[in-house]
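Peer 1: Got chain A; can you put chains D, L and C on it based on the hints?
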Amino acid sequence: MPGLGTSFGRGGATTNLQDLSNADCILIEGSNMAEAHPVGFQWVMEAKRRGATVIHVDPRFTRTSAVADQHVPIRAGSDIAFLGALVNHVLSNDLDFREYVVAYTNAANVIDEDFQDTEELEGLFSGYDPEAGQYDPITWRYRPPAEMTDQERQRAEELEDEERRDQEGSRHQESHQAARSESHGSGGAPVSWKGLRDETLQHPSCVFQILKRHYARYTPEMVRDVCGIEPEQFRRVADALTRNSGRERTTAFCYAVGWTQHSVGAQMIRTASILQLLLGNIGRPGGGIMALRGHASIQGSTDIPTLFNILPGYLPMPNAAHHQSLDAWVADDEGKAGFWGNVRSYAVSLLKSYWGDAATADNDFCFDYLPRVTGDHSTYTTVKAMIEGRCKGYFVVGENPAVGSSNGKMQRLGMANLDWLVVRDLQLIESATFWKDGPEIETGELVTERIGTEVFFLPAASHVEKAGSFTQTQRMLQWRDQAVAPPGDCQSELQFYFDLGRRIRARLAGSTDERDRPLLDLAWDYPLDAEGGPEPESVLREINGTGPDGAALSAYTELRADGSTACGCWIYCGVYADEANQARRRKPHWEQDQVAAEWGWVWPANRRILYNRASAAPDGTPWSERKRYVWWDAEARRWTGADVPDFVPDRAPDFVPEEGATGPDAIGGRDPFVMQTDGKAWLFAPLGLADGPMPTHYEPAESPVRNPLYGQQSNPTRKQVRSPANPLNPSWSEVYPYVFTTYRLTEHHTAGGMSRTLPYLTELQPEPFCEVSPRLAAERGLEHLGWATIVTSRTAIEARVIVTDRLRSLRLGDRFVEQIGLPYHWGGNGITTGDSPNDLVNLTLDPNVYIQDKVGTCDIRPGRRPRGPALPAYVADYRRRAGIPEAGEET
Amino acid sequence: MGSLWGGLDDVQADAGYDADHPPRMGFFTDTSVCIGCKACEVACKEWNDVPDDGYLLTGMSYDNTQELGASTWRHVAFVEKPAVDLGMPTVGPPRDADQSAASGDAGIRWLMSSDVCKHCTHAGCLDVCPTGALFRTEFGTVVVQPDVCNGCGYCVSACPYGVIDLRKDDGRAFKCTLCYDRLKDGQTPACAQACPTESIQFGELDELRERADRRLAELHERGVDVARLYGRDPEDGVGGDGAFFLLLDEPEVYGLPPDPVVPTRTLGSVWKHVGYAAAAVAGLGVAAFSGRRR
Amino acid sequence: MARGEAPMVPDVEFESYYGRQIIKTPTWKTPDVPLYLFLGGLAGCSAVLAEGAALSGRPELERVTRLAAAGGAAAGTVALVHDLGRPERFLNMLRVLKPTSPLSVGSFILAPFSALSGAAAASHVTGLLPRLGRLAGVGAGVLGPPLATYTAALLGNTVVPAWHEAHRELPFVFGGSGAQAAGGLAMMLVPLDQAGPARRMALAGAAVEIAAAESIVLRRGLVAEPYQVGTPGRLMRIARNGTAAASAATLLLGRRSRLASAVAGATYVAASVTTRFGIFEAGLASARDPKYTVVPQRERLARQDGSAKMSR
Amino acid sequence: MADPRTFLGWPLLRQVTGADRLGRGHAARSERSDRLTPRTASADRVVDSVCPFCAVGCAQKVFVKDGEVIQIEGNPASPISRGRLCPKGSASKQLVTSPTRVTKVRYRRPYATDWEDLDRDTAIDMIADRVVETRRKYWEWEADGPDGRRRTRRTLGIASLGGATLDNEENYLMKKLYTAMGAIQIENQARI
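Chains as they are written, first to last, in full-length UniProt numbering: chain A, 1 to 891; chain D, 1 to 294; chain L, 1 to 312; chain C, 1 to 192.
Next up, chain A with everything else stripped away, as it sits in the complex (with noise of 0.2 Å):
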């Protein structure tokens, strides 16, 4: 989400599925698509249909490489080096969308001149704190614009002393960090000024020159001695991406966890985010980054997060160093450019919807009700606090971290910790039975009788017994009907947690304590449907926020600051426009056109594709007829065109913001990222990752080879977490030299709770297996459908072994990198059952998001592993065969 967030100022797909079909050439790189996204994956084949060229590049060949024109096997994990180099060749050629990149990005903008670059320090940027292991960004500033008025002088010195205190004052600011970052899931992160621009690009320490500089070295010799990608086939794939660029043609990119999942997550995304931009096909039909989401609804749980560091509309929790008032808590971003500047009212309008009438203007809304962080509490912090006994009660609904989530022994010796736990779910899945089966019962290493949870496992309502909206890939939420009752006692999370609320409630009724205040002055009372549970519509309606008169709002344009109005998620404020359900629209695609406005509902404000002031040149004409989107109107002087404009409806493209505006009033007619506080898009990021204003390619935290390019082997700010159950193998280790990665067939879902009980899927892919090259089941003497052992520094599991062409031997420079492909679905139960390769996984997190680098190393033997009290033991063999200290401080 940073990755987009901090780029165009949203942390969302930037278009949508079907416009798939009008590019010209689609990159698919961090994704399976055919295999993940199946259905999704029609569009990319109708574009291959008119002639579009399709690029694979993933480490292995999937069944998207099999319909690809081109597929580049690359090594896991490289992927910026690879990317990098593709914007060298572009910016090198002088093959970038001149015009756009001017007009729309901060390539013009000039750099900060205390600002140095990972070429002067070796891998690190300016401002890196080596003991706190972050970044003071106060050096990657924009430099002030030449002439100020004193009103903006004043302002700028007034904000360097924000910054300042905060960076001085707070050593544990990560969460404020990562709250920031992760915060730009809607709304750039502020800058303080427009600041100098040389349109010209050709000052040194402007933008363009600085990321010319920045990439030179990230050449298709070093690509081929980083990523194992040959030249030959690296320019291939740069002229296929530069020949389908500019004003007639458009390049699409589509992503997952692919490059989610890394350390250095963040980062992947804001490189093809930079090439995107340098190509200019953001905010155009068949350009963008299409972000592919996993789960159903996994977008919507970020929009309305259950997540740590942000509330609904992607507003940051209060972090306690800085924040104990509102106007604290606002202050960061209120009043600056775009319109996350109105985050007041987006925030009043969030705590009129929590606390009702309990919150008014004398008692800042109800803004002390709101807990405060402090710092990062991300789900494997918070598992580490379970296996050190500091949080006692756990609720897992609809999830599965026995097996989905990374490192499972760590999860489940944290859930074996605990006093109570709660599991919703349809089945009884591996994290609801782990103290009955779970694999460290067989090892010896937890005994059910000594593991003092208390379970309740309650049967969840499946898709079909309740009523609800998801949130897709594309932001667009979608509305289900309920067509059945939920059989026995199952019921939906909606029913149990009203009734839950209640309860608790009632058990705190007479409570004079402040502490419990929150609860009572909650917001809880909603109409009740037939079951007795809330009606799901009552609910999406208090999401949509209402006005003074109770009335639905239908923009958040509409929210105010006063306390008038009240919105559950501002940037779904229009879901519930004119009184009806806008997700339950479902106008057939065949009375619509390809944008297909009337089904479904997306945010914001049913945009379909973002940006998209940007597919007009900056006169406001179409960039070509053929990529023809949105356009000024002249006549009409409104922005008009297939989509609603992702811009101030009637604002010229050749207005000019004047002095001092805030705001939306601040966006100028060429500003098509409205989000962000300069509207341009952010080649170069002053501020909001944690990591670095440019993508720099730093190796896994566990690495088969040194890094190549730089010193520094590994993201410097990569968040580490330290416990014994957590070791790490010692980069280019002779003892675990091969490269493991997991991912998903189509035929299973995630976990496997929901495709591993069901027969049809089980026959389809019925047992664990990994897929190894037959140069590396040679050097291992693995035997096709034979057994093996693959084996980390946590622990070893077995898989039967598919020796396939489909995995290639990678040449790096002298070397053979083998790669070993784990599908992860399996765990102790369902009709088939197997080993959890998450298991291996090491925690090492992107520090801006935390997700795990889901990319290791590893050793693998033929045969199966070791049963019972063997197999710790067989571990630990390696462990020290490795150097790494038992039990003991971290090295």
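Keep in mind the hints are simulated off the structure, nothing from the lab.
All C-beta atoms in this analysis are idealised placements derived from N, C-alpha and C, irrespective of residue type, glycine included.
Be aware that one or more of the hints could be misleading.
[Said to hold, decoys possible] Here are the simulated distance ranges between beta carbons:
#1 A:ALA506 - C:TRP139: 29 to 35 Å
#2 C:ARG149 - A:GLY883: 39 to 45 Å
#3 L:LEU218 - A:SER809: 50 to 56 Å
Peer 2: Frame of chain A; chains D, L and C shown alone:
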């Protein structure tokens, strides 16, 4: 009377339906856009309540379904082949041609194809079925009537493609019905509706054949010379298939017979020789008594 | 001309889907179906002998052959119904009469034959309604030869390579083998003086069967291989040798020694059964290996010089 | 086939007298084949839904008869999926009607070796008690920050994981309740 082999324009009329019968429906499976997702296998089983049949990792690439049979009416085949024998130069930059069959860097080809009953113009299974359980529907498709079949198994030996089989614990023969019940209600068969990339196309057979010819020409023009149609020719050994294919390699690579022929084509000769033999036996009988007394 | 294990045809190069068979292995169960093939032949030819015996006044021969015809038909029907997946629906065999289905045609032969041969045998044994019995016998006699030979169409009209390639010879194998069996059985149970026709029937049948079977086994090309190697090969050789020995014994001692006649008869019957099992197993073997389907079809295509069998 | 005893229903007669002389089509039809209709034709209602598996959001039609789901297939009207589904989406009926689905509350006592029954109302009461108790026991008004103690008003005793498979409305109520409760260790699949 009814024709036994060779071209046949109106299979329904040949099976006794009057002139206002609906057009002949069928499948055209364009394997060049198949992504091997097996949605067709699941959608078919879900609609027809076909039982699951075995959890076995076969090692045959991603095909653990193995073959068509009584409890598998759709089967997606997976073949991993080196791209070298593509009949096209793979060295040097590929033309801008649609290389859907090959990975651009001459590494590997991964063929996928969703196999199904061919609903032949001259169907061996239908011809040999003694009870009339197998019959030609008004849509020109070939269907087993489960309330009639007594499990004699003759159809299993008469199918040149090895599609139909007896279901072990049930005793009767089963195969794809081209969703005969859905067709009666004007609906699309479950597999065709589910197929994400429309590799499986359902429609009137004549129109599908035209569409297939256009697609073949389009692929040849893009340099994919290995593309060929299989079962489209009304003059082939089964009179052309109701469900035909666009393949990217020899048929036997997918487990399909290169030159399938309906046994009925030689039935005339079979009956003739049976007649001769019967006469011979009768002759023997007479001769046996015409000789000397003892 | 003993044939060794070595197949006549060298190993051939062909592509397949992981070596899996292309056509399905026939689902007919053994011993049900091979036994049915034998019993059909026995019953059919016994009915012919019975008519001959009735006309030529050989009461012992008539009694044995009438019982053999009726018994064979009944046992055959039981074997056939037992082989069905849904035996309770055996009557569906008479739902339609399909000339394209040898089994449908066969059902309309077996059913009346069983009735008529049963009636003839019953009337003969009980003496009731002799004229009707005789009439039924004639009917059975007429249906005898078709019953004995239609089973060849049953196998010949399949896609099983070993059977389909041999569809011209199989009727003669089955017809000959049926005659051989009927004659043999009669030689066992009928006194020498009345068994002359049985001997002649057996000898002639054997000759026809051996000639036809050898032309199948010795055929050039891959498809004869299943009849040469493995169990089917052995069975075919045992049957051929058995039949030849029985014929020699019949010629030399048939007329003189009651014991020799009985032994020869028994050998004839055994050889006939073995032939059926040999041919049945050969068919299964040719279905299980894809080469027997692919290679001959490739050769056929090549012969038609790749004419537009498949539009490229 | 028609009951062989009713002479007129005998297909052989239809074969001999009709146009289907070889008995390969019209003559061989059984009554069942004539009356055959798809089970969805007799559904009580068709409900608009969306596949619960991945984020493409394929629209589904859910056919219901006598309170049971009899079919789930793609909705051709959808501009995203055009009526198509992947293998998982196509298995949706089996997902919602799976015999191994748990429909009764399961409860495991601390240190116990097996599940036991527990009625739902009691279970939710017990959970509410535990939430209140754990919240009280691990409540924290302030925490050490870089600039000294700062007000946090939260509990670190309770955590929650889950929601990418849940509805927006459900995630909303969960975050609202947890936030009011002071529980901040709230996470979901966006993190894995």
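Peer 1: Does each hint hold? Answer for all of them.
Peer 2: Consistency of the hints with the structure:
no. : hint                            : result
1   : A:ALA506 - C:TRP139: 29 to 35 Å : violated (19 Å)
2   : C:ARG149 - A:GLY883: 39 to 45 Å : holds (42 Å)
3   : L:LEU218 - A:SER809: 50 to 56 Å : holds (53 Å)
When the structure is compared with the earlier hints, a violation turns up for hint 1 alone.
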